[in-house]
Every structure is written in C-alpha cells, then in structure tokens.
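Novice: Each chain, letter by letter, is given below.
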Amino acid sequence: VRAGDGSPGEMRHFFRPTDRRCLDAPTAEGLLAGRGVPEDSPPGQQALARLLEIAAGPPGDEELSGVAAAVAGYVATRHETRRRSRRRARLTLVGAAGAVALVGSAAFADALPARLQDVAHVTFGAPAPRHDVPRTSLGPAGHHPASGPGYQQESVPWGRLGHGQTTAPATSPRSRPKPTATPTFTPPKPWPVPRPPALTEGLAPAQSPATATGTPPKSAPAATGAG
Amino acid sequence: VLEQEFPGLLHAAARGDENAFERLYRDAHAPLVRYLRVLAGQGAEDLAAEVWLEVARRLGRFRGNEREFRGWLFTLARRRVIDQRRYADRHPVRLTDDAEELDRPAGDDTAAAALDNMSTEAVLELIATLPPFQAEVIVLRVIVGADVGQVARITGRRPGSVRMAGLRGLRRLAARLSAEAETRNRVTR
Chain Y
467 VRAGDGSPGE MRHFFRPTDR RCLDAPTAEG LLAGRGVPED SPPGQQALAR
517 LLEIAAGPPG DEELSGVAAA VAGYVATRHE TRRRSRRRAR LTLVGAAGAV
567 ALVGSAAFAD ALPARLQDVA HVTFGAPAPR HDVPRTSLGP AGHHPASGPG
617 YQQESVPWGR LGHGQTTAPA TSPRSRPKPT ATPTFTPPKP WPVPRPPALT
667 EGLAPAQSPA TATGTPPKSA PAATGAG
Chain D
9 VLEQEFPGLL HAAARGDENA FERLYRDAHA PLVRYLRVLA GQGAEDLAAE
59 VWLEVARRLG RFRGNEREFR GWLFTLARRR VIDQRRYADR HPVRLTDDAE
109 ELDRPAGDDT AAAALDNMST EAVLELIATL PPFQAEVIVL RVIVGADVGQ
159 VARITGRRPG SVRMAGLRGL RRLAARLSAE AETRNRVTR
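So the sequence lines, in the order shown, correspond to chains Y and D.
To convert, note that position 170 of the first sequence is 636 in my numbering; the numbers rise steadily by one, no gaps.
To convert, note that position 40 of the second sequence is 48 in my numbering; the numbers rise steadily by one, no gaps.
Derived from the structure by calculation, the hints contain no laboratory data.
A portion of the hints provided could be inaccurate.
[Unchecked claim] A partial selection of chain Y residues facing chain D, derived with a Cβ cut-off under 8 Å:
id, residue
1, Leu489
2, Leu530
3, Ala536
4, Thr543
5, Arg581
[Unchecked claim] So the derived label-pair ranges between C-beta atoms look like this:
id, chain 1, residue 1, chain 2, residue 2, range
6, D, Thr83, Y, Pro579, 45 to 53 Å
7, Y, Pro579, D, Arg71, 17 to 25 Å
8, D, Gly168, Y, Ala542, 38 to 46 Å
Being a predicted model, the structure only gives us computed values, none of them experimental.
The beta carbon of each residue, even a glycine, is placed where N, CA and C say it ideally should be.
Model the full assembly from the supplied sequences, consistent with the hints where possible.
Specialist: In structure tokens:
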C-alpha cells in the first residue's frame, strides 16, 4: 500500500503511530506530576519519562551564571524604588503643609464658608463667622462695598455682569441667611452703571464709602461694582 | 523548593536583603529560564533578567506563599513573552531574501539528539517543537511543578483544556521518541 493508493482519511489509519494510543490519561498525569511510569511500561513511555526527568533536573552552572548580575540589578532597583518613595513622601508632605497654610490663612482672613469657618473657629481659634452678613465670593464679609449691615445682596445672573465685574455673588438662595430683625435697605433700580476699569482700578474696596458707613452710595459705586 | 524557609526569605528580600533575594533567585531561576527557552527561544536569558527586575520592583507588595510566588513569577514571565511577541509582530525582521530557508522543518534530528545526548538543552528543544500551548503546559507541570489549577490560572485557560493539552503534548512526544527508536532498531538490524 502506498500513500497515493487511498484517500487521506484511509491512509491515516495505516500510518497512525501506535504509541500515541498507548499513553492513556492516568499515565500521562503521572508523568506530568513527576511520578514516572511503571517498569513494565513500553519503551517509548520509559524514554518519555527519562526525558521529562532530565527536563526537570537540577540547574547547571551555566543556568546560574547570572546570579551576580541579578543581585546587582536587585540592589539598583531597590535604591531607585526607595529614592522614588522618599521623593513621593516629601512631595506629599509639602502638599499637605501648603494646603494647611492655605486653609489656615483663609480661616484667619475669615474667607471660608460659614460652616468651615465655624470649624476653624472652634478648632484653632480663627475669627468666628459673621452670621448676620451675607457671604460673597469677593472676599471677607464686610469688605464688600455693598455688604454693610442692613444690606441685602441682590443676586445677579451671570449673563448680566457689569463691566469690570469678575465674578458673580456666591450666595445662592439656599445659603442666604434668614432675614434678621434689622430693617433692610433695597437699593434703587436700575443700579448705576459702574465706571470704566481704568478709573476704578487701584481703589480698594475698604476705601469705599459704602463700607465705612454702611449706607448705600449716593453716586455710582466706585469699586468692583455689584452690577 | 524552599518550603519553610520561604516566608522568612521573602520578608527579608522585600526589605532589601541581597542574600535572601539570591536564595530566591537560585531556587526559581532555572525553571524560569527553561520555561522562557521553550516559549521564547533565544531571548530567554534577557527576558528572565527583565522578569527578575520586575520582581525586585514589586517584591515589597507581594503577599503569598511559595506556590503563589511561583505562580506570580511565571505569570510575569508569560506577560513578558506576550509583550515580546507583540513587539516582534510590529517590527518584523527579515534576515534573508529567501524566507523558505528559514522555514525549513527541523525533521527528526531533535528527537535523535534528545535520545543521544539527553542534555537539558536538547530536551527543551524537543519540547519546544510541540504546539505552543502543549509545550507550555508540559514545562509548567514538569519543570515548574505546578498543578493543573495553577497552570490554568497562569495561562488563563480552563483546567480541562490544560489537562488535554498536557496529554496531547505527551502523546506527541512519545510518538516522536518511539518513531526514532524504531528507526534506530531498523538500522541496527
């Protein structure tokens, strides 16, 4: 019988290696687990067992020739890792110190939101928050030209900000303090147009007459302009 | 295998003890290189060095026993091999114009060499002629000493397919060895 005499399917039966069938699953499992094969097993299996035994044999000198290099690499890596972790710790420390300084200075400038200011006041003696004054994002309460006692801030939509105004009032309807017994003053509408920035620059909010007296300005407000 | 010594060595190596690291290296390096030789061929030593550097970097965060350490080590090695293959796919190198010369099959020479010399190198070369997954399973089970579950975890396959791959690989090896033995007997007569 030659290879060309039959179909490939038929020829496969003639040329199938017999040892492939001899190796059953339990024997194979024993070989893979390193248990070897019985002495009376076929020569092919014994050769296979010997082959696997050699593969799992003890390391030769050549295989361990790179020990020194590996240990040197380990030492270098350890140094690098230690240096990085130190640098990271230092950065964390600096960041934390910066954050503490920032929050602390904000607390002593009475620039924190009321609740945080309360906490700061209780914790490390920062000034107590002024509950009777609405808080804006422009700075500490009382420094705003129109934030004197009795003044109720009028919320201004973002789209209607006046010239020279950089931010909108931070008070939302929820955070706005409840009206007190003090009579409130509502400024006349429309609010006068603020001066151009060239004229108003350099005039600190504290210098505004509105801040000093607590009364609304009679002329157009000179400072950052509340809209 | 370090067994009871292992936890102390691992702890010491994680703290920077060179001797402890050397013990770990001496214990696991030979199986690692053999595994890589079967999977990656010539670049096995370089890959093994990279794996050990990664081990050195991450040893402080490893938690587990010796068995798990070996599983971790060979998982790292396997990932390196995959990375290397991907790199080779992206950067093909043509050494000659005649690609057929490179694709010439090895024939039965590897089996003969394995029987004659019975050196570790020859045996690994013979195992490397198997389909990749079968070769990997045989190396992990026989050389590394991993059980079916561990091999399944390392390779990301199911235990059943690991068992089948091991069985098929061994049958293939047995067939090659017996064919070689028959040829020899015929020549001797």
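Novice: Enumerate the violated hints, using their earlier numbering and listing them in ascending order.
Specialist: Going through the list in order, the structure violates hints 5, 7 and respects the others.
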